[in-house]
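Trainee: Put together the whole structure using the sequences plus the hints.
In terms of the UniProt record's numbering, the sequence shown opens at residue 1 and continues consecutively.
Simulated from the structure, these hints should not be mistaken for lab results. In this text the structure is predicted, and so the values were computed from the model without any measurement. Each statement offered as a hint is correct.
Cβ-Cβ distance ranges computed for the label pairs, FRET-style:
1. F294 to P256: 20 to 26 Å
2. G325 to H72: 19 to 25 Å
3. H285 to L236: 25 to 31 Å
For each residue, glycine too, the CB sits at the ideal point set by N, CA and C.
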Amino acid sequence: MVRQRMLEEQNTLDVRGEDDEESGEERERATAMADSNDSIPLHTEKIYFGGKEHLVRTRCGSVSVIVYGDQHKPALITYPDLALNHVSCFQGLFFCPEAASLLLHNFCIYHISPPGHELGAAPICPSASARCVDDLADQILEVLNFFGLGAVMCMGVTAGAYILTLFAMKYKKRVIGLILISPLFRAPSWTEWFYNKFYGMCGLLKELLLQRYFSKEACGNTEVPESDIVQACRRLLDERHGSNVMQFLQAINGRPDLTSGLKRLRCRTLIFVGNSSPFHSEALHMTSKLDRRFSALVEVQACGSMVTEEQPHAMLIPMEYFFMGLDCIDFAISVTAQGAP
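Mentor: Here is the structure:
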């Protein structure tokens, strides 16, 4: 069973003997691939709601990972969209009571932030070496190795969905399933390339990002005020260090087209997309390129790209059936077993 496979692979990484593989400390040193010394300085501090932040040192710099839940459970990793973090991208979903029942009871959650996007991140030096999307995907592998994780469930939004799809293509045995929200998979259009290239030079570009994330209904107009989630996201963008966002934007701007590899992707894939998302057609096209035996599409009405924030309840039942098909959940605490609508 897939749930058993996830736990067995995780346990295999955790209990290797000295004759078989390196010790725990040696494994940490190997997975760090640090260029200055042989150890991983790990700083752990408690944050809100019982989660812990781990700063994992990788070949391409430190990565912030927020861990929620019992680390003996199967792992679900998340990756946010451009200029966002786990709070602004996934809070709506994980604050939904039914989602807490479905996800937190069945998985340990690992929220991975793009470099410089974590809470309270310091500015990245503009002269720092630029990362490409392959670097970001490889960082995920280092994070999984650091925590001793085997095959994992993945959830990503737009740019984050691209990074996780690339990760699944590169490291097939490390991914059980993909949950992609308004995903990217093709090279950037000229329009996207242009406003990404000049992000931070004017407020108009922040407005474009808000339109990227949310539906017109959520963004409001002259007669209807913008929603609370849009206001919160606007404040986040105002506080963002431009150099930090540019690092991620430059990587995404240089992304290659993944079309040729989609048919060979064998992990189960569940795609959500809002019908008002600027990436709606991208999601439809991606679905058409995936093997239909392993993929499904859910279109969400009156919603932009961030289904996790605008319409999190719309994700619950499809996710439950997706997990049940992979034998990843305890039916006794599932949403449908509790009589959710």
